Amino acid sequence: MQFSFFQKLERLVKKEKLKLATVAGVASVALPVLYFADPASAHFYPRCPFHLLTGLYCPACGSTRAAYHLLHGNFKSAIKLNALFVLGAPVLVLPAYRYLQQSLEKGRLEPDFKLDSRWQKAIIAIAFGFAFLRNLPFAPFTRLSPRS
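The sequence shown runs 16 to 163 under this note's numbering.
Treat the hints as calculated values from the structure; they're not laboratory data. Check each hint, because a few of them may be wrong.
[To be verified] DSS-like cross-link-like pairs, simulated, lysine-lysine; straight-line CA separation at most 30 Å:
#1 Lys121 to Lys32
#2 Lys121 to Lys34
#3 Lys32 to Lys95
#4 Lys95 to Lys30
Quick caveat, the model's predicted, so the values are computed rather than measured.
Take these sequences, add in the hints, and give me the full structure.
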């Protein structure tokens with residue numbers, strides 16, 4: 016069976032809308048779960064495999080608990096758990112919101128921007144630097160480790 020151009024295009028649009036619906040569905044389930052189930056006491060959240068294997072904190076350690084506190088408006092607790100996540104959240108959330116908004120308008124999941132390699136390198140350097148500093152065993156760097 017051979018498909019015409021328009022049939023192929025229609026199938027592609029349906030597939031893209033399915034991807035978009037999946038992203039929206041996951042978010043609509045994940046956010047309420049995160050809001051109502053405290054990661055500090057709920058045992059169904061995944062543990063950090065890097066921390067389990069090495070005993071060291073990765074740049075993302077504490078970010079789920081920090082997100083929980085942000086959703087509840089507790090900025091001080093969130094920043095104690097993962098300062099990089101809290102300070103970097105606007106950098107991640109605003110482009111993600113813009114991306115989803117444009118995807119809804121266009122009906123397809125396709126990024127409209129490419130991150131320059133200098134920005135990629137800077138983000139990686141910041142993440143590695145944060146991970147290094149938060150694992151130093153003396154003050155003031157011990158304040159960067161995730162704690163409730």
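Of the numbered hints stated previously, which ones are contradicted by the structure, given in increasing order?
-> 3, 4
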